[in-house]
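Colleague: Top to bottom, those sequences are chains L and X.
Using our numbering, the letters of the first sequence map in sequence onto residues 1 to 400.
Using our numbering, the letters of the second sequence map in sequence onto residues 1 to 140.
Check each hint, because a few of them may be wrong.
[Said to hold, decoys possible] Only pairs whose alpha carbons sit at most 27 Å apart, straight line, appear in this in silico DSSO-like list of lysine-lysine: (1) X:K28 to X:K132; (2) L:K355 to L:K248; (3) L:K351 to L:K340; (4) L:K284 to X:K73; (5) L:K76 to L:K107; (6) X:K119 to L:K340; (7) L:K300 to L:K362; (8) X:K73 to L:K362; (9) X:K35 to L:K284; (10) X:K72 to L:K284; (11) X:K28 to L:K108; (12) L:K353 to L:K248; (13) X:K73 to X:K117; (14) L:K284 to X:K117; (15) L:K76 to X:K132; (16) L:K284 to X:K28; (17) X:K73 to X:K132; (18) L:K132 to L:K107; (19) L:K351 to L:K300; (20) L:K108 to X:K35; (21) X:K73 to L:K289; (22) L:K248 to L:K340; (23) L:K300 to L:K340; (24) L:K248 to L:K351; (25) L:K248 to L:K284; (26) L:K108 to X:K132; (27) X:K132 to L:K362; (28) L:K355 to L:K340; (29) X:K117 to L:K107; (30) L:K289 to X:K119; (31) X:K73 to L:K107; (32) X:K117 to L:K289; (33) X:K119 to L:K107; (34) X:K72 to L:K132; (35) X:K72 to X:K132.
Calculated directly from the structure, the hints in this document are not laboratory data.
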Amino acid sequence: MNLWPLLATGLVILTVSKVNAADMELLQPPTGAQTSLSRVTVDAKGQLHLSWVKATEELNSLYHASLTGESWTAPKLIGEGEDWFVNWADFPFLSVNDSGMAAHWPKKSSSGTYDYNVAATFYRTETRRWSKPRIIHDDGVSAEHGFVSMLPMTEGRTFITWLDGRNTRSDATQVDGHASGGMTLRAGIFSGEGSTMEEWELDGFVCDCCQTSSAMTESGPVVVYRNRTEDEIRDTYITRMIEGRWTKPVAVHRDNWQVAGCPVNGPSVASSSGLTAVAWFTAKADMPKVQFVISQDDGKTFGDPVLVAEESTNGRISVGILDSGDIAISWLETHGTAAKVMLTRYDQQGKLKEKLTIAGTKSSRRSGFPVIASHDNEVYVTWTDILGEQPQVRVARVRF
Amino acid sequence: MKILLFAIALVANVSALKASELDDKSWKIVNYWSKSCAPCRVEIPEFNYLSRALEPFGVMVVGVNFDEDNRKKTLQIAEFMDITFPTLTSQNVEALNLTPPAVLPTTYILAPDNTVKAKLIGAQDRQMIYAKLAELGVGK
């Protein structure tokens with residue numbers, strides 16, 4: 001049954017359906033048409049926040065709304081511009097901390113280039129205003145900077161990680177489109193006002209076009225990303241901050257996927273109560289797979305990989321951890337041009353508990369990357385539905 | 001027909017192929033590109049060259065915008081990227097029944113009946129394409 005025409009009813013909750021042991025509700029977000037590139041995040045108080053982009057021919061606008069009880073707040077504009085470099089894989093991030101928010105968008109360095117920067121803005125609850133956007137990296141190099149992830153920290157701070165192409169312009173000799181310096185992974189901690197408090201290079205040679213992901217473990221922040229070796233092995237790596245120092249990056253599992261190209265399909269990490277889970281897409285030997293691993297020691301070591309999906313998937317994964325300790329993973333199941341947003345739940349030993357179909361969509365890049373966020377034993381899922389030429393943000397809530 | 005296709009190739013940044021023109025007797029080199037893919041941008045001049053060089057031998061070079069922007073935007077990006085071979089419409093791609101690749105850049109080589117004969121992952125140059133065509137017996 002196609003439920004989306006019921007949107008016109010104006011109800012926040014469109015329908016509730018029982019799927020296995022879970023209740024799934026289709027929520028009506030206050031987004032409207034021509035919207036896409038959505039994310040959900042849950043703050044420390046358990047409130048859900050939704051961000052999305054409304055695009056016209058010339059203008060991109062980033063909006064935010066939160067779910068209070070069963071009602072959405074009115075959409076608030078975070079920022080807009082005619083010079084954004086947003087696309088289906090590299091799009092704005094929203095993070096909510098104890099005294100404000102942070103958001104970013106990719107901003108072109110100048111017209112006529114492929115270069116872009118990470119522009120971020122910071123919101124203080126006490127002033128109720130977003131700051132003037134600033135470029136968070138100070139290299140001043142016209143290159144590619146993007147694929148951001150953010151983590152809320154205490155005292156209004158935000159941890160931000162991004163891919164930084166500053167070294168790709170350090171040598172005129174290009175190899176396969178990449179200068180010898182290669183793409184780097186960087187991270188920093190930013191104050192509530194947006195000033196840089198600390199900044200690091202976490203890895204000097206990583207895959208160019210895959211999303212980064214970060215999580216706060218009980219030992220400190222961890223960052224996962226798609227690495228790149230000299231012989232083009234592009235496996236998922238993790239680095240951890242332990243007592244103020246970043247550990248040497250290591251593979252969460254050695255797929256040994258050798259590929260001289262961009263998968264445009266980054267990993268996802270979540271951590272809660274001593275449990276850390278990393279999910280990723282791989283396609284060694286042209287065999288697509290979604291897998292995940294579990295760590296009981298804040299990402300220091302991982303168990304064997306658990307297969308989530310293979311063959312009929314193009315990845316685009318997101319992971320969350322429930323209060324029960326169960327692990328939720330979303331991914332796209334593909335059948336030609338059609339796709340399904342899938343949600344699977346595993347216990348802490350990696351045993352499958354449930355596999356749900358959230359919605360049908362298109363395997364098209366225009367359907368973007370579904371994103372999940374968890375709170376208590378609920379999982380919120382957001383994705384983009386394609387109705388003709390009209391993209392439309394969707395949100396569902398699954399109660400386990 | 002060949003003259004027509006050659007003319008199309010020269011003005012590809014403002015033109016589109018009709019679905020029927022993909023049903024001819026040509027081998028096809030189908031290159032997936034994206035504006036945000038650095039190695040894609042490196043190999044574009046090679047495919048521009050190949051589109052001109054291979055056309056007399058019954059081999060067409062065509063492109064697909066991996067990002068699936070609308071047609072107007074796709075053609076603007078193709079022009080910006082100096083792509084001079086035809087960029088397929090979504091209907092063209094659907095007719096070819098190609099699976100979108102998991103990695104960029106990816107280039108498919110299709111036989112005249114549109115069966116996939118090769119899937120080349122990573123940036124290609126003219127020598128690599130020549131070698132693969134020779135391996136497939138194209139032009140013999």
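Colleague: Decide, hint by hint, whether the structure agrees.
Modeller: Here is what the structure says about each hint:
This hinted pair checks out: K28 (chain X) and K132 (chain X) have alpha carbons roughly 13 Å apart, not beyond 27 Å. Note on K355 (chain L) and K248 (chain L): the hinted pairing is violated, with a Cα-Cα distance of about 35 Å set against a maximum of 27 Å. Proximity of K351 (chain L) to K340 (chain L) is assessed by CA-CA distance (about 22 Å); at most 27 Å being required, the pair is judged to hold. Between the alpha carbons of K284 (chain L) and K73 (chain X) the distance comes to roughly 33 Å, so the proposed pair goes past 27 Å and is violated.
With a C-alpha separation of about 20 Å, the suggested pairing of K76 (chain L) with K107 (chain L) holds against the 27 Å cut-off. For the hint pairing K119 (chain X) with K340 (chain L), the CA-to-CA distance comes to about 26 Å; that is within 27 Å, so the pair holds. Taking the CA atoms of K300 (chain L) and K362 (chain L), the gap is near 37 Å; set against the 27 Å cutoff, the hint is violated. Using a Cα cut-off of 27 Å, the hinted pair K73 (chain X) and K362 (chain L) holds, with the two alpha carbons roughly 20 Å apart.
Pair hint K35 (chain X) plus K284 (chain L) holds up; C-alpha atoms about 25 Å apart against a cutoff of 27 Å. Proposed proximity of K72 (chain X) and K284 (chain L) is contradicted: the alpha carbons are some 35 Å apart, above 27 Å. In summary, the hint linking K28 (chain X) to K108 (chain L) is not supported, as the alpha carbons are separated by about 35 Å, beyond the 27 Å threshold. Between K353 (chain L) and K248 (chain L), the direct Cα distance comes to roughly 34 Å. Violation of the 27 Å bound is thereby established for this hinted pair.
For the hint pairing K73 (chain X) with K117 (chain X), the CA-to-CA distance comes to about 30 Å; that exceeds 27 Å, so the pair is violated. Among the hinted pairs, K284 (chain L) with K117 (chain X) is consistent with the structure: their alpha-carbon atoms are about 19 Å apart, no more than 27 Å. Of the pairs offered as hints, the one joining K76 (chain L) and K132 (chain X) is violated, with about 54 Å between alpha carbons and a cut-off of 27 Å exceeded. A hinted pair counts as satisfied when its Cα atoms are at most 27 Å apart, and K284 (chain L) with K28 (chain X) qualifies at roughly 26 Å.
About 32 Å separates the Cα atoms of K73 (chain X) and K132 (chain X), which puts this hinted pair outside 27 Å; it is violated. A hinted pair counts as satisfied when its Cα atoms are at most 27 Å apart, and K132 (chain L) with K107 (chain L) qualifies at roughly 14 Å. For the hint pairing K351 (chain L) with K300 (chain L), the CA-to-CA distance comes to about 21 Å; that is within 27 Å, so the pair holds. Proposed proximity of K108 (chain L) and K35 (chain X) is supported: the alpha carbons are some 13 Å apart, at most 27 Å.
At roughly 32 Å between alpha-carbon atoms, K73 (chain X) and K289 (chain L) are farther apart than 27 Å, so this suggested pair is violated. With a C-alpha separation of about 37 Å, the suggested pairing of K248 (chain L) with K340 (chain L) is violated against the 27 Å cut-off. Restraint check for K300 (chain L) and K340 (chain L): not satisfied, since their Cα atoms lie roughly 33 Å apart, outside the 27 Å limit. Straight-line distance between C-alpha atoms of K248 (chain L) and K351 (chain L) comes to about 30 Å, which puts the hinted pair past the 27 Å bound.
This hinted pair checks out: K248 (chain L) and K284 (chain L) have alpha carbons roughly 25 Å apart, not beyond 27 Å. Of the pairs offered as hints, the one joining K108 (chain L) and K132 (chain X) is violated, with about 38 Å between alpha carbons and a cut-off of 27 Å exceeded. Using a Cα cut-off of 27 Å, the hinted pair K132 (chain X) and K362 (chain L) is violated, with the two alpha carbons roughly 33 Å apart. This hinted pair checks out: K355 (chain L) and K340 (chain L) have alpha carbons roughly 12 Å apart, not beyond 27 Å.
For the given pair, K117 (chain X) sits about 40 Å from K107 (chain L) by alpha-carbon distance, which is inconsistent with the 27 Å threshold. Restraint check: the Cα-Cα separation between K289 (chain L) and K119 (chain X) comes to about 19 Å, which is no more than 27 Å; the hinted pair holds. Using a Cα cut-off of 27 Å, the hinted pair K73 (chain X) and K107 (chain L) holds, with the two alpha carbons roughly 18 Å apart. Annotation: proposed proximity of K117 (chain X) to K289 (chain L) holds, straight-line Cα distance about 23 Å (limit 27 Å).
With a C-alpha separation of about 34 Å, the suggested pair K119 (chain X) and K107 (chain L) falls outside the 27 Å cut-off, and the hint is violated. A hinted pair counts as satisfied when its Cα atoms are at most 27 Å apart, and K72 (chain X) with K132 (chain L) does not qualify at roughly 33 Å. A distance of roughly 33 Å separates the Cα atoms of K72 (chain X) and K132 (chain X); the hinted pair therefore is violated under the 27 Å criterion.
When the structure is compared with the earlier hints, violations turn up for hints 2, 4, 7, 10, 11, 12, 13, 15, 17, 21, 22, 23, 24, 26, 27, 29, 33, 34 and 35 and for no others.
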